Every structure is written in structure tokens, then in C-alpha cells.
Amino acid sequence: MNAAHSLRAIAIATATATATALALAVVGLVAGPAQAAESVSVGSKRFTESYILGEVITQAARQAGATAEHRQGLGNTAVVVEALKTGSIDLYPEYLGTVEREILKLPTGSPRAAIDEKLRAMGLAMGVPLGFANGYALAASAEVARQHGLTTLGDLRKAPDLRIAISQEFLGREDGWPGLSRRYQLPQRPTSIDHGLSYQALQSQRIDLTDIYTTDARIADLGLVTLQDDANYFPRYDAVLLYRADLLTRAPQAWQKIAALEGRIGVTRMITMNAQAELQGQAFSAIAAGFLAGSAPPAATPAAAASTAASPQARPSLSSAIFGGDFWRLTGDHLWLVAVSVGIAVLIGIPLGTLAAAHAWLGQGVLGLVGLLQTIPSLALLAALIPLLGRIGTVPAIVALSLYALLPIVRNTAVGLMQVPQGTRQAAVALGMTPTQSWRLVLLPLALPVIVAGIKTATVMTVGTATIAAFIGAGGYGERIAQGLALNDGTTLLAGAIPSAGLAIVFQVVFEVVERVFRRQGGGA
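Last residue of the sequence shown? That's 535 in my numbering, and every number before it is there in order.
If you're looking for bench data, these hints aren't it; they were derived computationally from the structure. The reader is advised that the hints may include incorrect statements.
In silico BS3-like pairs for lysine-lysine, Cα to Cα no more than 25 Å straight-line [to be verified]:
#1 128 - 115
#2 128 - 95
#3 115 - 95
Predicted model only: the values in this text are computed from it and were never measured.
Work out the full structure: start from the sequences and follow the hints.
Here it is in C-alpha cells:
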């Protein structure tokens, strides 16, 4: 009886434990998804204000407990919109006029229903007006404006010799220079300049006029004259959020925090934050944290906002900027991009070079094709690869860098193989080698020094070209270069450029040693 009771007790205990475990598993399956952290990916364009707003949105999402990532400085509008459409990011700060004219190709002042309908067809939505507008305008120094009597855009017609340099995006935008010059019948032919460098060019009198964003802190800091849009050409550029339509259901708690930003950023506050970054050298994350904490109330006027935030602050030395906290992360990213890209280029380029050497009728076509790839602008190729591959970041960057690295590898492989003496080829045949054996055991070893020289060239080129990967969120030293351009901060720019140049020199030295070893072996043989 005691044994029977014991067995019965054990059976009951086992059944109870099993039922409890099953119940906990069911509860875990049900509650797990609800308790899982929401994930939000925020994008930003490559200028100061977009960096700041992207960081504000990211930190707001984190306040809701979400896992939020900020993909900084994703190039121009075309790149960031493709990233949004493919789901690589969930939202980013944009401007109403850009949505209307540049993204949707709608007339200025289109009904909101028309905007929403076209965005819905793309799986996107627009909302959360942040509380300020940041429009395009043209500006000149006070001296140039006085000399030429410039107060309005229409006045530009009487100064055809002005040296005008405008940002690359504004030069080609639907609501940029092409339409502006037609509306005002302007005779000038502007050149392009990076927006981050335009203020320095104005200050040093290398140019007379450039395009500006109306919330830029340097307008007041440099005392620039903003020309009035007397023909009302520019649309309204109210700051809004452009986001994937499913974000509200995928991350409802994070969206609640993000949506609470509506109307909270006035124009003076935005100018203050821009000045904190550009004139005072504060980090984007610190500026965003200060805003969300409600600190640093804005000054009374835009000019006062810029001057208040422009109080001097010690900037890091060049050495500390180079070897700062993110140095090893950026170095790892850059090395990974270069190694994988060149490795793929070698795997593709050597067979292509062999094919070009073996068949003269194919050689010119192969070399012409890989040469043509070199002529495609890097940012344009990256933008084209985003919708093709359905993502941003490392994958499209590696594909683009591999394509750019092909030419020297293919060319040197073909040249090295064709330089093998005919007698050596005939000796391999006489020994009964198959074509594959002849290539592997005779031709390739003899051509190897020339091939290695091509790989060296491709590697050094890729180290420099890899800096563009930051424009699609792939990391590397380009992150610092992009931020330095956006902030017109030479120290930050050099903190990215110098390590990139140093890495290229390291690879150059390594390959020189390898080539010397091959030459010695060849001489000894």
C-alpha cells in the first residue's frame, strides 16, 4: 500500500509539473510577442538638421522601450526614400515641399488627400508636423548683396556675372535650380558644391551666392542676406515625418512617443539646435537628449538663437578625434568592406581576365564592360542597387565596391597571362597537360606577379572608394567624412580621411612586400 501510494503521489506530482510546464509554455507563447521589444529603424539625410532630428526620433522611440537604430547620413533624397520603400528604415524626417515636388512629382500646394493617396500606393504615409518649416533660399554675403543691389531673387537678372555655386541636390531637383531659373529667367550657370562647404566658400569670397536652408545657424552667424522669393516659387517646407504605413501597428508604443513630438520644435529651437552642432561642436545625441529633457530653452529670435548657441566650446584635437571612441568600430567596418569586396572581385576578375586572354574576340568586350563600370557615379550606383537588392547597408556597398575593383584585376590578369612566352605554353602541351592543368600549374604562377599588382591597385582604390559606403549606412571611415562635410568641421572630416589614407598606405606596403617575394622567387627559379 505504501508503495502504491508513493507511485500514485509521484504520478500526480509528475502530471502536475507537466501541466504547469505546458501552461507556462502557452503563456510564454502568448505573452512573448507582446512583451518583445519593438524595433524601429530611423534614417536621416546628410545634413546637420536631419542628423539632429533623426537622433531626436531615435531617442524618443527608446523612451518607449523600443530597440531603435539611427541610420545616419543616408545620402540624398533618392537614397533615403529607396531605403524607406524597401523597409531598410521605418521613418525619417522630411519636408512637405520635398514630398510634393521631388518624391511624388505633384504640383505645389496639392490637396492632402492626393498626397496621402500616392504615398499609400507606395506603402508609405506622412504625418507628425514637427512645428517648423525649413525651406530653400538663396543667400549672399552682405557685401555682395550691397554691391549688386540684391534683395530679391528677381534682382539676380541684373547681375549675370555672379559666381553661383549650389548643392548637388538643389542643382537637379524638380523644385530646385532648373525650375527656379525658368521662373525668374536667370542667366547664370551655377556650379555644384557640397552644402557643408558652401558657407566657407561664401565667407572666403570664392563664390558670391549659394543655396541655403532657412534654419541654418550660419546665416545669422555670417550675417548673410537671404534673397526674398518675390515670385513665390518655393513651396512650403514644413518639417514632417515620412514613414512606412505599417509602423503604427508594428511598434505602437514607440509610435506613441514619436507622435508626441508633433508641434514641439519651433523654428527658433531648431536654429538653436543646428547652432549647437555647427557652431558649438556638440554631439547630435547630446543635442537630442537635451531637447527631450526640456533643457536649453530657445532664444527669442532666430538670430539670437544662433548667437546664444554659438558660445565657444573646446573642440577635440585632431589626434583625439582620430582615435576617438568609435575608431576601432569604424576601422573594423572599413576593413571588412575592403576585404570582402576585393575578395569577391578576385574570384570574379581572375576568371574574366583568363577569358579575355584566351579569346581575343572576347577580350575587348570584357575589358570594355568592366571599364564602363568605372564611369558610373558611385552614389548613383548605390542608389540603383538599393531597390534591386531590397536593402541598404553592407550588401549593396560590397556589390558596388566589388564592381569598381574589377578593372585592374581583370586587366592585369589578362596582361599577365598573355605575357607568358609561347614556348612555355608549348612545353606544357608537350608534357601532356590539359588546358586546366596548364593554366593552374604553368600560366597562373608565371602571371601571378602581374596579377598581384592588379589586386594591389584594386585594394588601394577600394580603401578610398569605401568611404562612400557610409552614405547608405554601411559604416566605415566615411561616417566621419559625411559628418564633417555636414557640419563644415575640418577636424571631423580629417578624422575620417587620415585613417583612410593611412590604411591605403598600409595595404600598399604589404603588397609591395608580397610582390618583392614573388620577384625573388622568380629570379631564383
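Do the hints match the structure? See the list:
no., hint, result
1, 128 - 115, "holds (10 Å)"
2, 128 - 95, "holds (13 Å)"
3, 115 - 95, "holds (16 Å)"
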